[in-house]
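S.K.: Could you build the full structure based on these sequences and the hints that come with them?
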Amino acid sequence: MAVPYWPIPSRRILLNNRSYLQTTTMATSEILTFNEPHAPLENSLEAFTKVLGEMKFEILKSRRHWDQHEPKMWSKASGLSDDELTGFKLENDLVLVRSAPTSYGQIILGKLRIPALEDGYIHVRIHDPPGGGPEDVKFHSIFTEEGHKNEAGSPTTWNAIQTLDKPLEFFNE
Numbered sequence: 001m002a003v004p005y006w007p008i009p010s011r012r013i014l015l016n017n018r019s020y021l022q023t024t025t026m027a028t029s030e031i032l033t034f035n036e037p038h039a040p041l042e043n044s045l046e047a048f049t050k051v052l053g054e055m056k057f058e059i060l061k062s063r064r065h066w067d068q069h070e071p072k073m074w075s076k077a078s079g080l081s082d083d084e085l086t087g088f089k090l091e092n093d094l095v096l097v098r099s100a101p102t103s104y105g106q107i108i109l110g111k112l113r114i115p116a117l118e119d120g121y122i123h124v125r126i127h128d129p130p131g132g133g134p135e136d137v138k139f140h141s142i143f144t145e146e147g148h149k150n151e152a153g154s155p156t157t158w159n160a161i162q163t164l165d166k167p168l169e170f171f172n173e
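If you count the sequence shown from 1, position 67 lands on 67 in our numbering, and the numbers rise without skipping.
Hints are computed from structural coordinates only; laboratory data are not their basis. Remember, it's a predicted structure, so these values are computed and weren't measured experimentally. Do not take every clue at face value.
Said to hold, decoys possible - Calculated lysine to aspartate or glutamate pairs in the EDC-like style (CA-CA distance at most 16 Å, straight line):
(1) Lys61 / Glu173
(2) Lys50 / Glu135
(3) Lys166 / Glu36
(4) Lys166 / Glu146
(5) Lys89 / Glu42
(6) Lys76 / Glu146
(7) Lys72 / Glu146
(8) Lys56 / Asp93
(9) Lys138 / Glu46
(10) Lys76 / Asp119
(11) Lys166 / Asp119
(12) Lys166 / Glu118
(13) Lys138 / Glu54
(14) Lys50 / Glu91
(15) Lys61 / Glu84
(16) Lys76 / Glu145
(17) Lys61 / Asp82
(18) Lys72 / Glu145
(19) Lys138 / Glu58
(20) Lys56 / Glu84
M.R.: Below, the structure written as structure tokens:
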């Protein structure tokens, strides 16, 4: 009798009353192949619309968290109210998207313009599990960059607000 071969450790999980095979291998930029950044198409707008409320909630939650620990992370938006920070409209302000297939669905990255800032954008990541439409799309994370490490390896710069020329690249936060 043949024994099934699983190339990576895995287990079955139940999510929203659906059974999925979960692997212990995490998505990385080395194993993902993203399409080129492009203007969002209808399917991207549908996916981001599904998680819009949660996305705005998580942006404000992130700002509050970082303001307690490292206020520089959201400092480019320090003069903005919550409504101004999350006042983007997907039809106008989701300026770039890119995606990559995984064994557990699609990873979709988005670049959101913050209309109240001159050159301010937030990079977000959502996930679309296999086998469904936009109804099962999940918000994943916001890109918060801790950069320019000093000799000890500690960051010296913090950025949740990106510029237009900052590439929309995979992040795992």
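S.K.: All the hints need checking, so say for each whether the structure fits it.
M.R.: Against the structure, the hints come out as follows:
1. Lys61 / Glu173: holds, 15 Å
2. Lys50 / Glu135: Between Lys50 and Glu135 the Cα gap is close to 7 Å, so the pair holds against 16 Å.
3. Lys166 / Glu36: Since the Cα atoms of Lys166 and Glu36 sit roughly 14 Å apart, the hinted pair holds (cutoff 16 Å).
4. Lys166 / Glu146: Given pair Lys166, Glu146 holds - Cα atoms ~14 Å apart, limit 16 Å.
5. Lys89 / Glu42: holds, 14 Å
6. Lys76 / Glu146: Judged against 16 Å, a Cα distance of about 14 Å means the pair holds.
7. Lys72 / Glu146: Measuring from Cα to Cα gives roughly 10 Å; hence the hint holds.
8. Lys56 / Asp93: Holds: Lys56 and Asp93 sit about 13 Å apart, inside 16 Å.
9. Lys138 / Glu46: holds, 12 Å
10. Lys76 / Asp119: With Cα atoms ~10 Å apart, Lys76 and Asp119 stay inside 16 Å; holds.
11. Lys166 / Asp119: Cα-Cα ~11 Å, so holds.
12. Lys166 / Glu118: holds, 14 Å
13. Lys138 / Glu54: holds, 9 Å
14. Lys50 / Glu91: holds, 13 Å
15. Lys61 / Glu84: holds, 15 Å
16. Lys76 / Glu145: holds, 13 Å
17. Lys61 / Asp82: holds, 10 Å
18. Lys72 / Glu145: holds, 11 Å
19. Lys138 / Glu58: Since the Cα atoms of Lys138 and Glu58 sit roughly 12 Å apart, the hinted pair holds (cutoff 16 Å).
20. Lys56 / Glu84: The hint holds at about 11 Å.
The structure agrees with every numbered hint stated previously.
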